[in-house]
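Undergrad: Residue strings, one per chain:
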Amino acid sequence: MNIYGVALLALAYLLGQWLGEALGILIGIDANVGGVGFAMIILMLLKEWFVKNSLLTYEMESGMDFWNKLYIPVVIAMAASLNVKSAVSAGTLAIAAGSIPVVVCFFVFPMIIKNFSPKNDGNTAQPD
Amino acid sequence: MEILLNLIEKNGLVFGFLVIGLIVLISDVISKKILKGKIPGSAIAIFLGLVLGYLGGVFTGGEKGLSDIQIFKGVGFLGGPMFRDFAIVATAMGASLYLVKRAGLLGMVSLFLGILLFFFIGVIIAFAWGYRDAASLCTIGAGACTYIVGPVTGAAVGASSEVIALSIATGVVKTIVVTIFTPIIAKRIHLNSPESAMAYGGLMGTSSGVAAGLAATDPKLVPYGAVTATFYTGLGCLLCPSIFFIVLKIILS
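Here the protein sequences come in this chain order: B and G. According to the numbering used here, the residues represented by the first sequence are 1 to 128, in order. According to the numbering used here, the residues represented by the second sequence are 1001 to 1253, in order.
If you are wondering where the hints come from, they were derived from the structure by calculation, not from laboratory data. Every residue, glycine too, gets a C-beta built ideally from N, C-alpha and C. Do not rely on the hints blindly, as some may be mistaken.
[Unchecked claim] Footprint (simulated), chain G over chain B, 3 or more residues, beta carbon under 8 Å:
(1) 24-30
(2) 79-89
[As the list claims (entries may be wrong)] Derived DEER-like restraints, expressed as beta-carbon distance ranges:
(3) Leu45/B / Ser1253/G: 40 to 50 Å
(4) Ile3/B / Gly1158/G: 44 to 54 Å
(5) Gln1070/G / Asn2/B: 26 to 36 Å
(6) Val1247/G / Thr57/B: 52 to 62 Å
[As the list claims (entries may be wrong)] Calculated pairs, DMTMM-like style, for lysine to aspartate or glutamate (alpha carbon to alpha carbon, straight line, at most 25 Å):
(7) Lys1073/G / Glu1063/G
(8) Lys69/B / Asp1218/G
(9) Lys1220/G / Glu59/B
(10) Lys114/B / Glu1195/G
(11) Lys1220/G / Glu61/B
(12) Lys1249/G / Glu1162/G
(13) Lys1220/G / Asp65/B
(14) Lys1101/G / Glu21/B
(15) Lys1101/G / Glu61/B
(16) Lys69/B / Asp1028/G
(17) Lys1038/G / Asp1028/G
(18) Lys114/B / Asp1218/G
(19) Lys1032/G / Asp1218/G
(20) Lys1187/G / Asp1218/G
(21) Lys1101/G / Glu48/B
(22) Lys1101/G / Asp65/B
(23) Lys69/B / Glu48/B
(24) Lys1220/G / Glu48/B
(25) Lys1249/G / Asp30/B
(26) Lys69/B / Glu1195/G
(27) Lys1038/G / Asp1218/G
So here's chain G without its partners, still in its complex pose:
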């Protein structure tokens, strides 16, 4: 047994492939046999991933979900930023440059509107919860954009570490909510074409959440959503600690 554990630790990534393969297998069986195909297997698999991430956090008290457990380290590597971004870029293979160009304006509008909406609604909610200083409000509003914009903004405007942690948690909640609700709501909001996926990616922004949500909705839409969503975090990091922070200060004074 110890030999096996040692072997797994040494070959973390390979074990990660096996673990994810099993999760997909279980999800497929649940999707086909129990739910009669009503919810796609990938949606169930992503949800199972979140549940495992939760359990990992409960058992270890760490910050990286399941991958904080020694033998599951490889899962964290497989799901880390390098493989995630590499695989997202690979999805562009199936996308049409013509469609991306044609929906350019739509993508841009939704990108700016998305950042604006998430930031200011986040600020209003933080205000309702009793925060009154511009730095904290700005950081939590930025966290409502993505879990990267939050800490980058917090560091820039000098927010407390407690508020920065809160902004990261806010961003992770957003990612989870977008992941789970995208496939559920997709039909009702007519999220079914490359153009609408580009708008959706820009509006929601969280590239992990958008990509995961679209993957569970229709994998063909993933590249279109991802191509706009990836600009969201950068644009958010640009706008939140600068223009938005100044606007916020003016409103508060």
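Chain B extracted, bound-state conformation:
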């Protein structure tokens, strides 16, 4: 049933967010530390376990896949509810500090890829 898939997704989501909140409190900051990332890893582990034990049905998968596909519409809705006006009119400092580091990172990015990409054998790469 589809709802099993959605429920599994909800379980992974809540567990991950809980871990993120707990980690935030543990290190003493007022923020969720990687809750979504933990949730994603939990979901991948759960999925692997379900596949191994052949418990993952097509319907379950399509229940999760629906939310996966809804992702871009959600992002569009998010973009439409950002405070774009104040960002654009906050003055030159906000625009400079918000965009210059991004441009710098476009140049840094290829260097990181070159030096730290894993090679096919699974080990980390040697920069040559």
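Guided by the hints, dock chain G onto chain B, whose structure is given.
TA: Chain G alone, transformed into the frame defined by chain B:
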């Protein structure tokens, strides 16, 4: 008409689905018919979303873009943190745990480097604009990380509310810039594999911007970028008001 408006207000989220569906439809038509598929429909849709967010701010003077207009409240709910995070987690369905593990080191390196670069470049820019006290510099540098790290740091180091607002605006500018430029620059910087998406997510950090930018580039890359980017805000909230603030104070004195 009033009955319809009432109905929409009562069923905000459902109306939100309709609104977003229309935006996607219009964007698809623009992408296929006018631009001959040169820019993907999703990129246009996200950009249209930003434009609507801007217009919403102009009309209402509020802080939540289009969703400050009463009948579009549901759009804000659909684009709020709950649905956003839930949908991001769902993208992990299509990701391979093996690839995530293999690129672990790459992701970590880019995560730390990303926070370091954004923070200190942000500080330098704030310095160039005339700020000299550690609290303000630190808060604006943190805002250059994400629009959440900024206010969290500002509150921790005791920055003025004006500076905190500026740091939020800085973070939102970053999100917008990453959203728009990721699909444009992707080919040139070889952002085309799961590994590179993980590095990109770590380096850029803003999970909204990275996820939106990657969605417009290649939806298959979204989970890989998101999995590292989601650690960025937490790590930023940890480093900026503590170690970075102390380092900044030492440099200034």
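Undergrad: All hints are to be evaluated individually against the structure, with a verdict given for each.
TA: Going through the hints against the structure:
1. 24-30: Holds: 4 residues of the region 24-30 of chain B have a Cβ under 8 Å from chain G.
2. 79-89: Contact hint for the region 79-89 of chain B vs chain G: holds, 10 residues under 8 Å.
3. Leu45/B / Ser1253/G: 40 to 50 Å: holds, 48 Å
4. Ile3/B / Gly1158/G: 44 to 54 Å: holds, 48 Å
5. Gln1070/G / Asn2/B: 26 to 36 Å: holds, 33 Å
6. Val1247/G / Thr57/B: 52 to 62 Å: holds, 53 Å
7. Lys1073/G / Glu1063/G: holds, 12 Å
8. Lys69/B / Asp1218/G: holds, 13 Å
9. Lys1220/G / Glu59/B: holds, 21 Å
10. Lys114/B / Glu1195/G: Within the cut-off at roughly 11 Å; holds.
11. Lys1220/G / Glu61/B: Holds, at roughly 17 Å.
12. Lys1249/G / Glu1162/G: holds, 21 Å
13. Lys1220/G / Asp65/B: Holds, because 13 Å separates the two Cα atoms, which is no more than 25 Å.
14. Lys1101/G / Glu21/B: Holds - the C-alpha atoms of Glu21/B and Lys1101/G are around 23 Å apart, at most 25 Å.
15. Lys1101/G / Glu61/B: The given pair, whose Cα atoms are some 23 Å apart, holds under the 25 Å limit.
16. Lys69/B / Asp1028/G: Roughly 16 Å separates the two Cα atoms, so the pair holds.
17. Lys1038/G / Asp1028/G: Measuring from Cα to Cα gives roughly 11 Å; hence the hint holds.
18. Lys114/B / Asp1218/G: holds, 21 Å
19. Lys1032/G / Asp1218/G: At roughly 17 Å apart (the allowed maximum being 25 Å), Asp1218/G and Lys1032/G satisfy the hint.
20. Lys1187/G / Asp1218/G: holds, 11 Å
21. Lys1101/G / Glu48/B: Since the Cα atoms of Lys1101/G and Glu48/B sit roughly 14 Å apart, the hinted pair holds (cutoff 25 Å).
22. Lys1101/G / Asp65/B: Holds, because 23 Å separates the two Cα atoms, which is no more than 25 Å.
23. Lys69/B / Glu48/B: Status holds; Cα separation ~20 Å.
24. Lys1220/G / Glu48/B: holds, 19 Å
25. Lys1249/G / Asp30/B: holds, 22 Å
26. Lys69/B / Glu1195/G: holds, 22 Å
27. Lys1038/G / Asp1218/G: holds, 14 Å
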